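Colleague: In numbering that gives the first Met the number 0, the protein residues as written are 0 to 435.
Read the hints as simulated data drawn from the structure, not as lab findings.
It should be emphasised that the depicted structure is a prediction, and the values quoted were computed from it without experimental measurement.
Where a beta carbon is used, it is the ideal one built from N, C-alpha and C, also for glycine.
Once the Cα atoms are required to be at most 20 Å apart in a straight line, the calculated EDC-like pairs of lysine to aspartate or glutamate come out as:
# : residue 1 : residue 2
1 : LYS57     : GLU121
2 : LYS57     : ASP67
3 : LYS57     : GLU114
Listed next, with one range per pair, are the computed distances between beta-carbon atoms:
#  : residue 1 : residue 2 : range
4  : ARG161    : PHE355    : 17 to 23 Å
5  : ASP85     : CYS292    : 53 to 59 Å
6  : LYS57     : ARG396    : 43 to 49 Å
7  : CYS292    : TRP387    : 16 to 22 Å
8  : ASP119    : GLY199    : 23 to 29 Å
9  : GLY324    : GLY199    : 18 to 24 Å
10 : GLY141    : SER321    : 51 to 57 Å
11 : GLY50     : PHE335    : 20 to 26 Å
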Amino acid sequence: MVLRGDRRGVRGYVVLYLLWLAFTLCYGYGLVQADLAARLHRGTVVVLDAGLGREDGKGISDLEAEEDAPMDFALWRETPGGIFADSEGRSRLPAAVVDCFGSTRLACQDGSAPELLFEDGEGCLLSADLARELFGSENVVGQTLFCRNRQMVIRGILRRGRGQIVLQAGEEFAETMDRLTVGGTGSRADAFLLRHGLSGQKLSLDYASLAAKLAAWILLLFVGLYPLYGAYRLSKECPAVLCAAERGGYPAPDSRETEWPVVMEEKAAVSYPRSRAFIHRICILAAACLYLCLLIPSMGWGGSFSVNELLPTKWSDFAFWSRKGQEVAASIGFLFGSEKTEGEQMVLWTAAVGIFFLFLAFLFYWRTARRLAGVSVYTLAALIFFHWAGLAVLAVRCGEISAVLAAHRSLWLAAPFGIAAVWQRGRASDCVSRNP
0 MVLRGDRRGV RGYVVLYLLW LAFTLCYGYG LVQADLAARL HRGTVVVLDA GLGREDGKGI
60 SDLEAEEDAP MDFALWRETP GGIFADSEGR SRLPAAVVDC FGSTRLACQD GSAPELLFED
120 GEGCLLSADL ARELFGSENV VGQTLFCRNR QMVIRGILRR GRGQIVLQAG EEFAETMDRL
180 TVGGTGSRAD AFLLRHGLSG QKLSLDYASL AAKLAAWILL LFVGLYPLYG AYRLSKECPA
240 VLCAAERGGY PAPDSRETEW PVVMEEKAAV SYPRSRAFIH RICILAAACL YLCLLIPSMG
300 WGGSFSVNEL LPTKWSDFAF WSRKGQEVAA SIGFLFGSEK TEGEQMVLWT AAVGIFFLFL
360 AFLFYWRTAR RLAGVSVYTL AALIFFHWAG LAVLAVRCGE ISAVLAAHRS LWLAAPFGIA
420 AVWQRGRASD CVSRNP
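Use the sequences and the hints to build the structure in full.
Modeller: Listed below in structure tokens is the structure:
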């Protein structure tokens, strides 16, 4: 096993394995955060121009029930700085209190959260960090606490929110709610607002989750297709290399022989390698198709957002592109300029963390690929084994990556496929350099 130039020895191998380990960790964690950002964001969040009360929410619910395809929604508001205590009133902690009418899953951006019934005025949802701090454990469903001078029963735990307690707006709730989350995106959300005469500014959290998902796609496409593209370009020089190899297989012509056998040898050596180069290119294209077939089913968007909402019915519709560009710019400007709740900050932070770690994975993969040419097949097998071992350790330590890798099993094969393609490309490049 040697590295290129074989001048670094053991130190070179240590650097190679450390780079590959860093890539594996950033790759696994970045994919989890990108997938989580897409699954955290559900529906369309609207900052209402005029706040709505509980009775307004009941009116919307009654009208929506008459539709053929009713949509889930949540009217809610978040009040920071609320105080709650345990059942004995000894431990008091601050929390962001979310008052909600409708779907609590939409209100707190947690698809795994249990739903509170509309008339459940005594139930609440508590974030996992507050449960650990107040009770010392997350197994607190059914226990009681005091919030707003009322005794509440914990109905469920929020696994992803931090510092939150979610309540259903009861009969006594007389204040207005300034947030509306609709269980749909694009034209469906617009139709819901128009149907109920509501107006407000959308918080385009779906763009953040889409950016994280695109970063994951770009990394995975680069990992598998870039080395195949390099191998395809090297196939142009394969005839010369194979010609030299074929020519070396014939016995050297003796000076006493005529020129006729030498001419026949040249023709045979030139015609046969060109067919080999053509077959080589076909194999590369087949490998690229196989990689895409493995990759496409494994990286669903993970949420209700559809890329078709960003595309026009006709590509020549320049008015659509102009209008969509202005809409996206205004939405992003409002998203970063407005005051955001805990759940909205969580979605943005998760997407940003995913993009950051995927970028680090790209850098580590690039550095690993540059050091890979010239190593033996045993080193390649060891790198693939360490990659799978690293992902397995992450799956054990982090339950969410285990769910992602279990749902998208081909993600186990993406990086090994790419690193094997880089290794094969390096062998072809060395062959070309030795046979100019």
